[in-house]
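Chemist: Just so you know, the sequences run in chain order F and G. Quick note: the first sequence, position 116, residue 138 per our numbering, numbers continuous. Quick note: the second sequence, position 62, residue 801 per our numbering, numbers continuous.
Some clues are possibly wrong.
To give an idea of the chain G side of the interface with chain F (calculated C-beta under 7 Å), a few residues [stated by the list, open to error]: (1) Arg-757; (2) Gly-842; (3) Glu-843; (4) Arg-845; (5) Arg-906.
If you are wondering where the hints come from, they were derived from the structure by calculation, not from laboratory data. As the structure is a prediction and not an experimental result, all values here were calculated from the model. Virtual Cβ for every residue (Gly too), placed ideally from N, Cα, C.
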Amino acid sequence: MATPDSAVSTQAPLSFERHPCSYQHWKLTFDGPVATLGMDVQEDAGLAPGYKLKLNSYDLGVDIELADAITRIRFEHPEVHTVVVTSLRERIFCAGANIFMLRGSTHSWKVNFCKFTNETRLGMEDASAHSGLKFLAALNGICAGGGYELALACDEIILIDDANSAVSLPETPLLAVLPGTGGLTRVVDKRKVRRDLADFFGTIAEGIKGKRAVEWRLVDAVVPTSRFKEAVAKRALELAATSDRPSSGPGVTLNPLSAVITEDAYTYSSVSVAFDRAKRSATMTVRAPQTPVEQTPEAILAAGDQFWPLRCFREIDDAILRLRVNEREIGTIVLKTEGDSALVLGADQVLLDHAGHWLVREVIHFIKRTLKRVDLSARSFFAVIEPGSAFAGTLFELALAADRSYMLDDPDQHNTVHLSAMNAGILPMSNGISRLQARFYGTPDQVATVLAHAEPFEAADALDAGLVTFAPDEIDWDDEVRLAVEGRASMSPDALTGMEANLRFVGPETMETKIFGRLTAWQNWIFQRPNAVGPKGALTSYGTSDRAEFDYGRT
Amino acid sequence: MISSDKIPNNVDLHLNKRLQRALEHWQPAYIQWWRDMGPQGFQHFHEIYVRTAISVDAAGWAHFEYVKLPEYRWGIFLADPVVNRTIGFGDFFGQPVWQEVPGEFRNQLRRLIVTQGDTEPASVEQQRWLGHRCPSLYDMRNLFQVNVEEGRHLWAMVYLLHSYFGRDGRDEAEDLLARQSGNQDKPRILEAFNEPIDTWLDFFMFTMFTDRDGKSQLLSLSESSLDPLARTTRFMLTEEAHHMFVGDTGIHRIVERTCQLMKESGFSEDVRRLGGIDLPTIQKHINLWFSLSLDLHGNEISTNAASYFANGLKGRAEEGKWTEHRVIETTYDLDIVENGAVKREAVPMRNAMNEVLRDWYVDDCQSGVTRWNKTLEKYGFSDRLRLPDRKFNRGIGQFASIHTDPDGHMLSDDEWARRKYEWLPSPADKKYLLSIMNQPIYETGKFANYIAPPARGVNRTPINFEYVRTEM
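Chain F on its own, in the form it takes in the complex:
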């Protein structure tokens, strides 16, 4: 980038909390089982100065609102079965990520931007697959780049047939980069567009419109302007009819988290993050419930966002997002838990007993998505398991998500970890397998063996079973943990990020892992290359009088 220390990444710490009444870029409306998310991006309301969000182009701020809206529909509006994603602007659906924002961003900002937008779109697909919430993209105008990628994340795409509006992925021909939000992967993997046609599509800036767009499977239908709204409404209701969500509310309100954010710590009700900036590390402590959680769906509904599993993981989610974007220098996150394991296991049992209830289902999937965010964070995670911790069931997933775990083995102090049925596959990783399956990829029988172990694991047993990495005794403990954290902090953050991503996702590939692994690896390479971001690169010269000049050598 021309300005590596641009305004975009030197803003005040970013918050990810939003509320519909203060959305700047979206209008969320409800009509029975159909909600409509209307995009209406305010040009002058970008997160940073230096660019205008013209033509419904977006930056991270726009996407944070989108993510908030989708989460709220899931929790607050169980009666909604279909979400129509459209634009409130005439003849423009969405022009994609804002080029000038990208040009002015640091590399890490671009990476975090793409990561978050990908997680949001995968969240839409998760809602469709697991929560009976369908998404219908109603493309009422031009739909380019990230705009089309947003449409691709929906279950179906209806494109207006006005002899002008097209869908396109112009990144390669226009900007010398890739669509950064899974566009290429979804075109062939999800929509199953033939690869040669996709190749052509990916090289023409103007895109494809009309009948051909349908024939090539780029959209599901094209509808003339006069019948567009009617067709969208009709299809939205048809999709809604397939849903297993309740026909009426109430939902639960997601209230503000009321975190206390200071230079030294984040403090939530069940989560705290304390920084040790000198060591470039932070300790995230997650606290078990203080009392048994609500036992029935009715009680859980009444508890709403104070139901411990939801409250706790909303807080973890928020903390991880803040750490990613606001605390770049904090390379190592020590994960700790506190409290009564029995209460965590009790909460697990409630989740499992009522997994079919729409709200409990949403809570479980929220926990799943939050844990995926941990997996996908470019930070080193070390779980530190000490007496008084509560690494049980769902909270033990944090230890399983960690790159390493250290468990104190002190004969004088009780220190255990405990598995529950929540570890058995209900919280899969991006690769579709559980963290236990990933951990025991070379010894698959061990998964059943450890799950059959109903008792807590003492440190030595946990070590034997392969559930923790190291179990130092009380004499070595402080030094081992200190040296591990210090040693980690001294290594190249780039190499660590690559190493961790390689090791975390063993086993099968899914569309999700392809999007994060394959596509972002390429994109992050291309984002660094002079052909895109050099003085004469395409991203640099876009919108200026200069023409991009390429080094035509291939690798």
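Fit chain G to the supplied structure of chain F, relying on the hints for placement.
Modeler: For chain G alone, coordinates are given in the frame of chain F:
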């Protein structure tokens, strides 16, 4: 049971649960190792008049008593701390020294300490048969003094491993006893420590030249940014000085005896016929042990050395005498081998730190040789002993790929093969040395024919003192 009474120390062992626990396991293994691999035949019935360090002040350091070797009180001592000591060189120059190991440098420091530590028991193992060929009780005592102190130096390194490196450190401490000099499966780390030392001329050469490499290394480690390492090695240096005294004076006494024999025979007689050790044989051993010890300093151009220096882990000998301590711009001229020819080249000084230390070492060796030559002069001989060229007989570094004579002139492979025993001890030389050493001298005040008595006894004792006695 681990107690401060049995293990003299100034590291608050009685309060240090971690160290006690580690030593409870390690100390019996050490004693077993000492019995198995220490001086053979002098463990059970002999009492040796040795010095035991019981504190770091001058009085505690000069504590002499008769002990059976396995009952020696190996202790743990650190030199007194220097108040407000700061890092003396490298990238962290001027910052406070570290009292614990930074995670970033854990592996590098562990490697340094293990490599240093491995040489200590190795030399005991190499020397374990020498007692049976001793030239006098005085010399036998010196041998065992050196041996127990090498053992204590092992304790010093093990103390660091136990105290600062957690479980890995304990494992490494065990491996220090598991490796054995010359063992095919688990040899000592450095090749020079895998050959037995079976003649007393070799022993004196070893303590003169190889222990002096130990001194180089200890000097450079005593500058370390890790304060416990610096303090440990500073105290070790006081003991190491005695070892070099044994080597330096041992060779000196042999030279002196050779002069006496030659003089008594009217300068014409073959010294070997008189049972002495001829000057060419002495020179060959100098050539051998000097060149082996040069190898121990490592490659002339070394990224490891540069990294150790940059991180403040290992400095130059007597760093305080240098004027510039970051050494970022400075270059250093050294000989390198290119296409079989030697040429001079400037390299960044940080990369040449091994060679800088070698410079210090060569100077320090030269002073010993100069003293021996004074004796030759005193007796009216024109022959002189000397150090061979640095390129001679090298197995590590730039010159490992070439052959030279002791003057540094290049030789072909053939010529080297044909002539090497002109400059290095031959099997016949070894046979001769063993022949004059096969009868040990166990009588007080008596010395083998090839070596002169020392100028004075140990700890102001007379030379005919009973340095080694057997149980009544």
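Chemist: A separate judgement is required for each hint: does it hold in the structure or not?
Modeler: Hint by hint, here is what the structure shows:
no.: 1; hint: Arg-757; result: 4 Å, holds
no.: 2; hint: Gly-842; result: 2 Å, holds
no.: 3; hint: Glu-843; result: 3 Å, holds
no.: 4; hint: Arg-845; result: 5 Å, holds
no.: 5; hint: Arg-906; result: 6 Å, holds
Going through the hint list in order, the structure satisfies each hint without exception.
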